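Protein chains in written order, with UniProt numbering: chain P, 1 to 339; chain Y, 1 to 339; chain L, 1 to 262; chain X, 1 to 262.
No wet-lab data here; the hints were simulated from the structure.
Every value quoted in this text rests on a predicted model; they were computed, and no experiment measured them.
Watch out, some of these pointers could steer you wrong.
[Claimed, not checked] Example chain P residues on the side facing chain X (calculated, C-beta under 7 Å, incomplete):
(1) Leu52
(2) Ala54
(3) Thr57
(4) Tyr61
(5) Met79
(6) Phe81
(7) Ala85
(8) Asn89
(9) Phe98
(10) Gly99
(11) Met102
(12) Asn103
[To be verified] Covered by chain P, according to a simulated footprint, are these stretches of chain Y (three or more residues, beta-carbon under 8 Å):
(13) 67–79
(14) 96–110
(15) 192–203
(16) 210–223
(17) 230–236
(18) 302–311
[Unchecked claim] Per label pair, the in silico range of CB-to-CB distance:
(19) L:Met183 with X:Met93: 22 to 30 Å
(20) L:Ile129 with X:Tyr52: 50 to 58 Å
(21) L:Ser121 with X:Asp54: 21 to 29 Å
(22) L:Leu13 with P:Ala163: 35 to 43 Å
(23) L:Gly62 with X:Pro55: 41 to 49 Å
(24) P:Ala163 with Y:Arg232: 19 to 27 Å
Just so you know, even glycine gets a beta-carbon here, dropped at the ideal spot from N, CA and C.
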Amino acid sequence: MSYVQIEHLSKSFHGQHVLQQLDLAIEKGELVTLLGPSGCGKSTLLRILSGLTASDTGMIYIDGKNVTDVSPKNRQIGMVFQSYALFPNLTVSQNIAFGLEMNKISKTEIQLRVQEMIELVGLVGKEQAYPRELSGGQQQRVALARSLVTRPKVLLLDEPLSALDAQIRKNLQKQLRMIQRELNMTTVLVTHDQEEAMAVSDRIYIMNGGRIVQHGSPQEIYTQPRSEFVARFIGNYNVLTAEQLKRITPNLSLPAVERFAIRPETFREQPLAGEDICLTGNIAQVTMLGNITRYELNIGDIPVLVDTLHLSFEQEQIGTTKTLYVSPKDVIPLYDTIA
Amino acid sequence: MSYVQIEHLSKSFHGQHVLQQLDLAIEKGELVTLLGPSGCGKSTLLRILSGLTASDTGMIYIDGKNVTDVSPKNRQIGMVFQSYALFPNLTVSQNIAFGLEMNKISKTEIQLRVQEMIELVGLVGKEQAYPRELSGGQQQRVALARSLVTRPKVLLLDEPLSALDAQIRKNLQKQLRMIQRELNMTTVLVTHDQEEAMAVSDRIYIMNGGRIVQHGSPQEIYTQPRSEFVARFIGNYNVLTAEQLKRITPNLSLPAVERFAIRPETFREQPLAGEDICLTGNIAQVTMLGNITRYELNIGDIPVLVDTLHLSFEQEQIGTTKTLYVSPKDVIPLYDTIA
Amino acid sequence: MKRISLPSLSFALVMLYLFLPVAATILYSLATEWNSTVLPEGLTGKWFAELYADPRFLQAFGRSFLLSFLTTVVAVVIIVPAVFSIIVYAPRMERLVQILVMLTYAVPGVIMAVGLIRTYSGNGIPMVIITAGAYLVGLLPYLYQGTRNSLLAMQARSLMEAAELLGASHWQAFVRIIVPNIMSGIFVSSLLSFSILFGEFVLINILVGGRYETLQMYLYAKLSSSGHVASAITVTYFVLMAIITGLVVKFSRRSFTRKEVP
Amino acid sequence: MKRISLPSLSFALVMLYLFLPVAATILYSLATEWNSTVLPEGLTGKWFAELYADPRFLQAFGRSFLLSFLTTVVAVVIIVPAVFSIIVYAPRMERLVQILVMLTYAVPGVIMAVGLIRTYSGNGIPMVIITAGAYLVGLLPYLYQGTRNSLLAMQARSLMEAAELLGASHWQAFVRIIVPNIMSGIFVSSLLSFSILFGEFVLINILVGGRYETLQMYLYAKLSSSGHVASAITVTYFVLMAIITGLVVKFSRRSFTRKEVP
């Protein structure tokens with residue numbers, strides 16, 4: 001049995017199915033992300049895991065113990081809320097110490113552990129500040145410290161970075177991952193940001209409409225999407241019908257599915273191996289996206305996105321004809337038609 | 001004189017300088033972006049341009065006319081607010097028609113132009129819907145149509161996409177740019193998202209602390225940042241001190257500045273030309289970011305980020321030694337030490 | 001969940017505390033005789049018949065209605081645009097207005113009456129008008145709250161700016177955009193104001209007294225002469241208030257502001 | 001900007017309308033004689049001296065203070081936890097509570113008195129207690145609003161959940177987190193409640209009358225005998241209310257909730 005195990009979990013609100021027969025397994029020390037568009041049920045799943053919301057059916061096991069009916073205060077779960085939910089009347093130290101006081105830890109040990117945490121999250125010098133005096137990023141780190149100091153079995157993060165600016169968000173992603181690894185903390189992160197999910201996760205569960213539609217390592221999910229939904233949600237995949245693909249590469253033997261996906265970054269100017277598919281098209285649009293230059297190519301009448309690194313050369317001009325190669329193993333058949 | 005010209009504009013709130021001696025010029029049909037972190041004054045500049053806020057000093061010319069003291073209703077400016085500010089008591093059609101009615105256009109022409117706009121922004125079938133019945137993306141398109149239908153001289157967009165999910169945001173960016181080009185509409189966009197700015201702009205003005213710190217095409221700004229602030233804000237530039245750079249490439253002759261920036265995507269595995277700088281380091285971390293795989297290399301004790309396209313090969317392992325080449329012209333001297 | 005029991009219980013107790021007197025009053029207004037028994041000895045409609053046949057009652061009712069209705073209309077016409085101007089164009093004055101609102105809460109009728117008699121009596125203005133003026137100030141808190149909340153919920157400031165940029169004058173924007181959106185909120189506040197004025201007793205009694213007998217004064221007079229008729233008046237009053245409350249509940253649900261997604 | 005003139009003007013008029021009577025009352029309380037002249041003929045402190053020497057005044061003041069203070073304390077202790085439970089654990093009941101609040105606004109003192117006399121008189125409970133009970137219900141709207149706004153502003157629900165996940169019981173979370181944060185809001189509502197009760201006249205007069213003479217009743221009695229003394233009472237009252245309003249303004253500024261960035 002895994003460290004955290006969820007079996008056949010269902011939940012309805014006012015007759016609407018929010019979660020449907022979910023199964024989920026998380027190993028000790030893993031950072032698992034629940035990724036999906038808003039309204040897919042990911043936050044509800046997190047709240048059920050914390051005990052703040054009750055499920056309709058299903059079982060939850062943590063560390064081998066059935067906690068399905070255990071109250072939130074006895075589940076040994078740490079949680080960082082989207083709004084941080086810091087206590088406005090307490091200082092940074094007092095916020096972090098709160099959980100330890102509730103668990104009747106001795107004064108001296110509280111002091112020790114709070115100081116340790118403040119150092120870990122880099123808030124030295126802010127001990128006596130009130131939450132309203134901190135920036136968003138600092139508040140987020142207080143929330144993290146407060147939920148970690150009680151040494152919970154599982155840490156839950158509900159879109160913890162969504163309220164922050166892009167620059168700060170990327171910094172905190174890194175810090176978060178570092179701290180999680182250092183403490184070997186079993187962690188569940190909820191987000192709708194696929195870049196964030198790929199940057200920090202050991203494994204990702206992709207959710208849509210209250211179901212898990214695919215799970216695996218970021219690498220697996222990104223390179224082997226099973227459905228059009230995942231292909232479009234996780235990246236900028238070109239999704240082609242079998243008929244379209246047949247038209248541009250008549251000789252390729254394809255599995256009998258309706259749609260195929262090709263990542264825009266797998267196209268290359270030189271063939272790597274003999275069996276590479278050769279495509280020729282006109283450049284219809286060029287967009288510079290920072291480190292990536294994105295070309296929109298018309299191959300026949302089929303528009304295809306191609307990503308290349310943004311190097312120092314001149315960009316190719318609209319209208320130019322371009323020949324590209326793609327390996328047959330980068331043409332991904334999409335098996336699931338639903339979701 | 002440019003189509004829109006702003007000269008020596010200053011503004012203080014409660015004794016705090018929000019804008020300091022700004023100069024700005026926008027040509028007819030251009031899409032110019034004001035890009036900067038929150039609090040840099042970009043939204044205030046937009047409000048002054050619209051006439052909703054008065055400036056302390058400075059002049060504004062639109063189409064050769066001094067409009068500094070012209071009231072908002074007579075400036076012929078269209079604006080899309082961050083919150084959309086749709087009229088909740090009016091339907092989509094009525095919202096779009098409002099500006100035309102105020103300008104006493106004939107009933108038949110109003111009908112014609114409203115229908116045209118509804119088709120342009122792709123809201124056919126939603127004419128009789130109320131704003132509350134629309135999704136965020138649809139509301140955004142109504143706001144756009146409403147501000148375009150009066151054929152303003154300048155269109156102002158105040159973070160128009162910031163409330164939307166990533167997927168919808170990218171779609172609407174494209175649509176927005178298409179419509180702007182089709183109508184040849186002089187447009188000023190305010191955003192804090194550098195990717196958005198690069199994807200849609202003809203030119204970008206980067207603001208920080210109430211000043212313009214750099215302006216130019218996305219390509220120019222991205223490849224030739226003048227300061228550390230811009231280098232870090234616009235991309236994931238490696239910023240090295242002259243001393244650090246000297247240590248890893250002792251033979252390179254450098255201009256006499258303190259800091260240099262190197263884009264992570266300009267490193268390559270093969271040298272392109274004889275003068276390319278050769279660097280060798282150990283891989284300290286590998287992160288998959290979708291279409292990009294990011295390596296953190298330690299060259300000596302200096303950490304350097306390297307971006308490569310995410311191809312189908314195995315990722316290189318942490319600890320592996322790697323040799324990379326970078327062209328001397330991709331080592332950008334940072335002249336402005338301030339900002 | 002077990003937790004709900006505490007509020008449910010206190011809620012039920014409050015309801016009981018409030019509605020026991022209502023039930024007793026209704027019974028008493030229909031009772032022939034009710035002295036030493038738990039329930040009345042018989043039921044009759046004669047108290048109501050007697051009441052509705054009394055021209056003094058009808059006149060008092062009419063006066064109360066007229067005074068409350070006209071004052072409410074005048075208050076809405078004056079206060080709503082003023083609150084709008086403050087919220088949209090001078091939000092920093094809100095603090096001052098809130099203190100003012102607080103003050104009007106803190107000055108009760110009897111105290112107000114002393115000042116008003118001192119200042120305005122004997123200078124030719126009828127005291128009913130003076131009273132209506134005092135009522136106007138008394139309505140300030142209620143109309144201020146209602147108007148303010150409606151305006152903030154609809155983000156009136158952005159809407160005004162948007163309308164202006166589209167070429168509308170302040171007046172056009174106010175009439176075409178603001179008014180339709182705050183209509184239902186204002187209507188609710190007006191009904192509330194009307195019902196508060198309809199029930200006012202102290203000020204009108206001290207300032208005007210028998211010269212302008214309102215429903216409340218009539219009731220006060222009847223209290224000592226016939227408990228049954230007084231109860232019948234009270235029941236009539238309850239029915240009127242039930243209708244108004246029903247209207248309030250109905251209209252406070254109808255609103256153009258965006259529904260929040262749970 | 002020119003636009004400000006409209007609200008400024010209406011604000012100034014409202015202030016004048018409110019403060020002219022106050023000024024007149026103050027002058028009258030200090031005037032020796034003031035009949036046909038614009039300003040009084042002379043100033044004197046004798047009306048205040050006379051008032052403060054009257055044991056009936058001091059007793060009436062004490063009774064008003066005691067009744068208002070005790071009722072407010074009891075109301076806070078009962079209503080605040082109930083509102084907290086509803087907002088945090090049963091938000092769907094809010095609708096019902098709002099209708100209840102609306103009803104208590106709509107039921108004026110005289111009407112309430114009729115029902116209360118019918119139901120509770122002659123069963124042994126002193127009418128002062130019955131009156132206090134009615135006051136308690138009357139305070140519901142004010143305390144409900146204050147408590148509700150404080151709780152929503154601090155996102156009480158998330159804070160309770162966060163505290164629970166950190167191992168706190170409901171009671172610990174309420175006492176350690178919720179109470180300190182709503183303290184200043186509750187204090188403001190309590191002062192408001194106190195001042196409203198302190199000024200109440202109708203209910204206590206009808207239900208209890210001369211057996212428990214409050215400040216308002218004393219003032220009412222004095223109105224007919226000596227205008228100068230009545231004015232002196234009113235001025236005393238204003239001073240008390242000014243102090244309370246000052247406290248309210250001071251405490252409504254002190255708040256732990258996050259400052260909004262403009």
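Results of checking the hints against the structure:
no.: 1; hint: Leu52; verdict: holds (5 Å)
no.: 2; hint: Ala54; verdict: violated (14 Å)
no.: 3; hint: Thr57; verdict: violated (23 Å)
no.: 4; hint: Tyr61; verdict: violated (19 Å)
no.: 5; hint: Met79; verdict: holds (5 Å)
no.: 6; hint: Phe81; verdict: holds (6 Å)
no.: 7; hint: Ala85; verdict: holds (4 Å)
no.: 8; hint: Asn89; verdict: holds (4 Å)
no.: 9; hint: Phe98; verdict: holds (6 Å)
no.: 10; hint: Gly99; verdict: holds (3 Å)
no.: 11; hint: Met102; verdict: holds (4 Å)
no.: 12; hint: Asn103; verdict: holds (5 Å)
no.: 13; hint: 67–79; verdict: violated (count 0)
no.: 14; hint: 96–110; verdict: violated (count 0)
no.: 15; hint: 192–203; verdict: holds (count 6)
no.: 16; hint: 210–223; verdict: holds (count 4)
no.: 17; hint: 230–236; verdict: holds (count 5)
no.: 18; hint: 302–311; verdict: holds (count 5)
no.: 19; hint: L:Met183 with X:Met93: 22 to 30 Å; verdict: holds (28 Å)
no.: 20; hint: L:Ile129 with X:Tyr52: 50 to 58 Å; verdict: violated (36 Å)
no.: 21; hint: L:Ser121 with X:Asp54: 21 to 29 Å; verdict: holds (25 Å)
no.: 22; hint: L:Leu13 with P:Ala163: 35 to 43 Å; verdict: holds (42 Å)
no.: 23; hint: L:Gly62 with X:Pro55: 41 to 49 Å; verdict: holds (46 Å)
no.: 24; hint: P:Ala163 with Y:Arg232: 19 to 27 Å; verdict: holds (21 Å)
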